[in-house]
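Engineer: Going line by line, the protein sequences match chains A and B. Letter by letter, the first sequence follows residues 1 to 251 in my numbering. Letter by letter, the second sequence follows residues 1001 to 1193 in my numbering.
It is worth saying that the hints were derived from the structure and are not from the lab.
Incomplete in silico selection of chain A near chain B, CB under 10 angstroms:
hint: 1; residue: K4
hint: 2; residue: A40
hint: 3; residue: L67
hint: 4; residue: A70
hint: 5; residue: Q72
hint: 6; residue: N74
hint: 7; residue: F77
hint: 8; residue: L93
hint: 9; residue: A97
hint: 10; residue: Y120
hint: 11; residue: G166
hint: 12; residue: N195
hint: 13; residue: D220
hint: 14; residue: V249
hint: 15; residue: L251
All values derive from a computational prediction rather than experimental measurement. All C-beta atoms in this analysis are idealised placements derived from N, C-alpha and C, irrespective of residue type, glycine included.
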Amino acid sequence: MLTKRIIPCLDIKNGRTVKGINFMDLRDAGDPVALAKKYATIGADELVFLDISATREGRKTMQDLVLKVAEQVNIPFTVGGGISSVEDVDILLKNGADKISVNSSAVKRPELINELANRYGSQCVVVAIDAKKNNDEWIVYLAGGTIRTKLNLFDWAKEVEQLGAGEILFTSMNNDGTKKGFANGALAKLSTLVNIPIIASGGAGTVQHFTDVFRRGNADAALAASVFHFGEIDIIDLKQELKNKNIEVRL
Amino acid sequence: MNVVIINYGAGNIKSIQFAFKRLGVDAILSNNPEKIESADKIIFPGVGEASSAMKMLKNSGLDILIPKLKLPVLGICLGMQLMCLETEEGNTEGLGIFNTKVKRFSTSSKVPQMGWNTIYNLKSELFKNVNEYEFMYLVHSYYAENCQECISTTNYQLEYASALQKNNFYGVQFHPEKSSQAGEQILKNFLEL
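Just chain B, same shape as in the assembly (with noise of 0.2 angstroms):
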């Protein structure tokens, strides 16, 4: 299986590659366009701040690239915010590809949310074997409102979609590559798709 782990210089990666190296794939890292068109599997990851995340895919030309991707793409952490409309960090626009838009948590509570928070409400094939109310590991400050796309719900301070998924592309907030057996069975299920 040909997975390739689009590499644009956001954050830490090498935790996603070796998750998968776990589950016996040796995901590439690359952001070359033919390569990535070419691969089975896509994992868009992301870690740090939108705005400055959304310039380095437009300067690589990505940004025109990944709406267009026929195959599973799974976007992770900010990569599934990147996904959507808009966010409010930078105030970014985002690729468009889900229907919701991405808002920072009040200080009502901790921000950001850091740690082992549940997901409900599990609606896609990415959570086959997976029990309601697992436990997935998050940080971030900013969260994508419900919508028709959201496929997993997780509460904190509000309601907010967890993952979302449209035709073949999926997002998630939570991190499967650090979220114990739970997380590597999304993983794996994503391999499946």
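Next up, chain A with everything else stripped away, as it sits in the complex (with noise of 0.2 angstroms):
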């Protein structure tokens, strides 16, 4: 059967790993290579870098940064941050990503998604989507929750979903940093909504969480940074009680 995914995310900033890492016998938890090898000798089944670099030379480092890691990891790994054209992704891919991911890019320009999905085919095309519940309306904002759109979450995803995206990384901005848990109510409509995989980001403090995104909130991965990072959740611990719990997983 197929399994539910358990994904590291990593912020980049131009070229170290951001947001105080505090991980186990690494000696330079800044480096971004070191850290992804040891989540793939861990069990993560998969990473997701984002970039939040603001300069152009930030942007070169990523890429490659971006080569480094498809030399030495051996699980699929996402790029995400920053993307706003075929030319931006096809060095990303050239170097070895496996995905990429657009977020105010394709907000702005949504025929970008349909164009990487016509040149490298849907399957390496995550569309990352932020949003937050206001009056009990799921409304989608760019740059990192600053800035409100007029669009609907459901709406979006479902456009998305046409246009050619092969994943939808969903970020609930009510939820993210409270560690109180995943949106499920808005992952499990999205479910029903669209046929392509939904990531779950934002809010996984304990393990009941996941195990309630992949119940209640039907997601097919579930992201998290900081629990991993400060090992406050063992990756392999919790994929172990995901199993017990009878949740398909890797291990």
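Once you've looked at the hints, go ahead and assemble the two chains, each given alone in its own frame, into the complex.
Structural biologist: Set out below in structure tokens:
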């Protein structure tokens, strides 16, 4: 059976991991390649690298980093952040990224999704959607939740599927950073509306939250950062616990 | 060992090259028929869409060359699918090496299948030291129907052929280059054939 995926997310700025990372025996927790290799050996199913560099030099560093990750890591990884053109994607895929994720650029120019899917195949096009619940309506936000759009989460999700997205990475701004669990209601609804895999993001705090996101949220994968980086949740223990609860995972 | 990865413009082949590098082998990328024919081992990759990939093969005459190769050939993902009779993707005629057809998954569950699934009924030296029900990483919307040449089975909506073999030709639907240590073992086995 196809298993549920556990995905650590690494925020990268100018080629280094940011957010304090307190990770086991790593000598240099700021080195994304070392961290990625570590995650691959302890059972992460996939990795996401989010480039939060704001400069052209930072982006170039990211492209070089992708090459190093591809060289040393034997599980799939997605690269996102600041991707706005076919050219941006081309270099990342050529350097060995398995998937890329687009967010703001897809909202500004939805045809980008279609262009990428036609050129590289839907399987490598992830559309990241950040949304916030306001008065019972889920609204899509850009730029880390600072810019409100007019898009409804569910309408936008259906549209990106039609445009050729192969996967949706949904982050609930209401849940992100709270460690109080994922947005399972919205996730479950998304899964009934689209027929492509959904990665849930935002809110992971305990092992129970992962059980809930797969059971109640029907997510195909769950992404988290700090609970893994700070060793609050051990991936092997997490997967064992999911398995004990009859949720299919790779162990 | 002279390993050639057939480079006909299809998708991300860097990962395959790096996977061999981790095994200590410098695989070269080429679409030159002489280099391909003189290789010890040949990798036929493919990511993307079937009909356009087939067009690229035809443009370089590789559609004639590949079925005539005598040394071990490993098709990966779309590469494997193109080695079959035909595929529903773009109604494309394949190279006809494997006697099976490639169909699209139904909408009864999510498409593409994306993630880790198990392989079982393993029947080839390609799987030496690989356990039954080992996990492999797969990303695909089309699958090869079960057939005589099936050497590993996977279940998603139905049981299908996740690996095929006929004489010196091998094909795997999963991505050994992205499937952790077990995937590396399969690539190592291929090098030892």
